[in-house]
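S.K.: Residue strings, one per chain:
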Amino acid sequence: MATSGNKNINAKLVLLGDVGAGKSSLVLRFVKGQFVEFQESTIGAAFFSQTLAVNDATVKFEIWDTAGQERYHSLAPMYYRGAAAAIIVFDITNQTSFDRAKKWVQELQAQGNPNMVMALAGNKADLLDARKVTAEEAQAYAQENGLFFLETSAKTATNVNDIFYEIAKRLPRAQPVENPSGMVLMDRPAERAASASCCS
Amino acid sequence: MSSDSSSSTSGDDPTDQNPNPNDKSIDATEDRLQSIALTEPDVVEASSCQEPSNGHRKWITERVPWSRGNPRGDRVKLVRAGKHQVVFLVKGPIYLVCISCTEEPYESLLLFLIQLIMIWMQMLLILTKSVNRCFEKNPKFDMTPLLGGTDVVFSSLIHSFSWNPATFLHAYTCLPLAYATRQAAGAILQDVADSGVLFAILMCKHKVVSLVGAQKASLHPDDMLLLANFVMSSESFRQFSNLTCLLASCRTSESFSPICLPRYNPMAFLYAYVQYLDVDTYLMLLTTSSDAFYHLKDCRIRIETVLLKSNVLSEVQRSLLDGGMHVEDLPVDPAPRSGYLSPHLGQHRPVTDSPDRFGEVFSGIGGPAGLWHFIYRSIYLDQYVASEFPSPINSPRQQKRLYRAYQKLYASMHDRGTGPHKTQFRRDENYVLLCWVTQDFELYAAFDPLADKAVAIKTCNRVCQWVKDVENEIFLLGASPFSW
Numbered sequence: 001m002a003t004s005g006n007k008n009i010n011a012k013l014v015l016l017g018d019v020g021a022g023k024s025s026l027v028l029r030f031v032k033g034q035f036v037e038f039q040e041s042t043i044g045a046a047f048f049s050q051t052l053a054v055n056d057a058t059v060k061f062e063i064w065d066t067a068g069q070e071r072y073h074s075l076a077p078m079y080y081r082g083a084a085a086a087i088i089v090f091d092i093t094n095q096t097s098f099d100r101a102k103k104w105v106q107e108l109q110a111q112g113n114p115n116m117v118m119a120l121a122g123n124k125a126d127l128l129d130a131r132k133v134t135a136e137e138a139q140a141y142a143q144e145n146g147l148f149f150l151e152t153s154a155k156t157a158t159n160v161n162d163i164f165y166e167i168a169k170r171l172p173r174a175q176p177v178e179n180p181s182g183m184v185l186m187d188r189p190a191e192r193a194a195s196a197s198c199c200s
Numbered sequence: 001m002s003s004d005s006s007s008s009t010s011g012d013d014p015t016d017q018n019p020n021p022n023d024k025s026i027d028a029t030e031d032r033l034q035s036i037a038l039t040e041p042d043v044v045e046a047s048s049c050q051e052p053s054n055g056h057r058k059w060i061t062e063r064v065p066w067s068r069g070n071p072r073g074d075r076v077k078l079v080r081a082g083k084h085q086v087v088f089l090v091k092g093p094i095y096l097v098c099i100s101c102t103e104e105p106y107e108s109l110l111l112f113l114i115q116l117i118m119i120w121m122q123m124l125l126i127l128t129k130s131v132n133r134c135f136e137k138n139p140k141f142d143m144t145p146l147l148g149g150t151d152v153v154f155s156s157l158i159h160s161f162s163w164n165p166a167t168f169l170h171a172y173t174c175l176p177l178a179y180a181t182r183q184a185a186g187a188i189l190q191d192v193a194d195s196g197v198l199f200a201i202l203m204c205k206h207k208v209v210s211l212v213g214a215q216k217a218s219l220h221p222d223d224m225l226l227l228a229n230f231v232m233s234s235e236s237f238r239q240f241s242n243l244t245c246l247l248a249s250c251r252t253s254e255s256f257s258p259i260c261l262p263r264y265n266p267m268a269f270l271y272a273y274v275q276y277l278d279v280d281t282y283l284m285l286l287t288t289s290s291d292a293f294y295h296l297k298d299c300r301i302r303i304e305t306v307l308l309k310s311n312v313l314s315e316v317q318r319s320l321l322d323g324g325m326h327v328e329d330l331p332v333d334p335a336p337r338s339g340y341l342s343p344h345l346g347q348h349r350p351v352t353d354s355p356d357r358f359g360e361v362f363s364g365i366g367g368p369a370g371l372w373h374f375i376y377r378s379i380y381l382d383q384y385v386a387s388e389f390p391s392p393i394n395s396p397r398q399q400k401r402l403y404r405a406y407q408k409l410y411a412s413m414h415d416r417g418t419g420p421h422k423t424q425f426r427r428d429e430n431y432v433l434l435c436w437v438t439q440d441f442e443l444y445a446a447f448d449p450l451a452d453k454a455v456a457i458k459t460c461n462r463v464c465q466w467v468k469d470v471e472n473e474i475f476l477l478g479a480s481p482f483s484w
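Those protein sequence lines, which keep their order, are chains A and B. Taking UniProt numbering, the leading residue of the first sequence gets 1, the next gets one more, and so forth. Taking UniProt numbering, the leading residue of the second sequence gets 1, the next gets one more, and so forth.
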């Protein structure tokens, strides 16, 4: 869940998608500015953190790069539970990976945090000749399901920072404002205030 | 699951796979072991090829027994096909097959079974034994997608059968370190184990720096071998770690993955936090809780801070460069020396001890009395120590041949039919091999083929004394979580 203190926001972000869609490559590009041609298959999930400055705040992403292998699917909730944002990645040259991405969107809509910011990344956008999923098709799907869509290339770095930046901008800024049920009065307000101010 | 590309026959009926005995899918020219695992519906029959006197090869088909109705689910079948031996091990719905063309004698069956069981347990480490339920529900269940991306794990394990003595000794080995250094590492690991971590293991390559288990939890050497193999063979655990940078801030990747320790509990997943602390050294924190990542991350930070402060990581790197016990250093005088430390172990290495001395002084000789190599296994510690390879056996091929000889020796000492022997002395054109088994230890030693028997025996006594003299540095002593 995104938590804010002053203008520092901590946000858990999870990447989901089929084997070989390029989740780890996107993270490697975003966190390290690097790309390797033959990225090894991820085991379980890898954890990273990266801080991004947007106009009004500093967002510290805690990134879970999950394994796309089938045997880890049942464990995905462990990683997306409480996530403030998700990037669902597919490979534009692989129709199956797009179908798999839709399944992840369905699962997140059913099981995930309802306020989650979801992005759909059509990765490997540099491989135009091998394209199997059109940008229009993916855009239409994203719109129907309340995601925002970008075509990315971890190899050329196209749109990689942009997708994380866009997520950072869309994260809810102040949790209490979003709470429509109003203020809940606490028994010991002074103590609560004290504990809230110490974790900056 | 296939061990390598040339044996990728998983899912094929072996009767169809190799109708022609000269088919290169079983490559008789290569001296190697091929192993594959098949699932029950895949294997119904196996074929053996016999060569009658008329020179025409004839295939004889034998039925491989199914495991149904066998509560333990283990069946073994040996099929000879010309020069090849095909060993089937049936573990419930899983068939494990190894094809050998090394013309090993019958005693090697035990070794093949050990290796097939290791492969099976490596699979359990990835999937747990509950994969059997998938076959109960659907006999045509295809396990291949579940093992996606793990080819390297199995090929690395199969490769280690020819270089890692832990695969047949069922013991682990430690990186040589000064007693105080290992104690410092153990103390901080114990600290985190008391805070709800089931096992905390610090390793450098396949050697243990220190390890600690929570109360009453014991870790089997086989599980350590399989876990280390899994972590080291998967590049994913190293990804993003900038290996030229030793600062913690340069590394951004931490892994959290479900794994199963088959000897600990084959039915359940544990969760492993894995991080490389430098190029070769990695920390594994195991827990039963899937929510423990942030706690384990905090533990790692605490551990790493202490390890850096107490110079453990730099000592580990130094030990890696120095190597372990060198047969050239075997003390000549067998009398016990109080406070004696091998020049290669611990911090007491004399400055005059230049690293290039082997090349000049000991070239082509090995140790005293023609001693080339030894493995000492402490039975009550579940640990072994193997000497470094001297120049007479410095090529990987020679080393592999020596390990194979040790394996045969081990098999003949542990074969239920004839053993256990107390001592064995063998001489062939390659070595003199000496094996000595007592209640406390097993010693395997290789000598120059011309070595004198009486002198070799005397030398083995000196090796045992030497190991005892330096046991503080080569073994992890005390506070061991192992059950013995």
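Everything labelled a hint here was simulated from the structure, so no lab data went into it. Honestly, I wouldn't trust all of these hints.
25 Å max Cα-Cα, derived DSS-like pairs, lysine-lysine [claimed, not checked]: (1) K297(B) <-> K60(A); (2) K458(B) <-> K408(B); (3) K309(B) <-> K207(B); (4) K422(B) <-> K32(A); (5) K422(B) <-> K408(B); (6) K132(A) <-> K155(A).
Far from chain A by the CB rule (all over 10 Å, computed), these chain B residues [unchecked claim]: (7) G92; (8) S156; (9) A272.
Please read these numbers as outputs of a predicted model, since none were measured by experiment. C-beta atoms are modelled at their ideal positions from N, C-alpha and C, and glycine is treated no differently.
S.K.: All hints are to be evaluated individually against the structure, with a verdict given for each.
M.R.: Each hint tested on the structure:
1. Only pairs whose Cα atoms come within 25 Å are accepted, and K297(B) paired with K60(A) is accepted, the gap being roughly 17 Å.
2. Among the hinted pairs, K458(B) with K408(B) is consistent with the structure: their alpha-carbon atoms are about 23 Å apart, no more than 25 Å.
3. Between the alpha carbons of K309(B) and K207(B) the distance comes to roughly 22 Å, so the proposed pair stays at or under 25 Å and holds.
4. For the given pair, K422(B) sits about 58 Å from K32(A) by alpha-carbon distance, which is inconsistent with the 25 Å threshold.
5. This hinted pair checks out: K422(B) and K408(B) have alpha carbons roughly 15 Å apart, not beyond 25 Å.
6. Using a Cα cut-off of 25 Å, the hinted pair K132(A) and K155(A) holds, with the two alpha carbons roughly 18 Å apart.
7. With a minimum CB-CB distance of about 18 Å to chain A, G92(B) clears the 10 Å threshold, and the non-interface call stands.
8. For S156(B), the condition that its CB be more than 10 Å from all CB atoms of chain A holds, with the nearest at approximately 13 Å.
9. With a minimum CB-CB distance of about 8 Å to chain A, A272(B) fails to clear the 10 Å threshold, and the non-interface call is violated.
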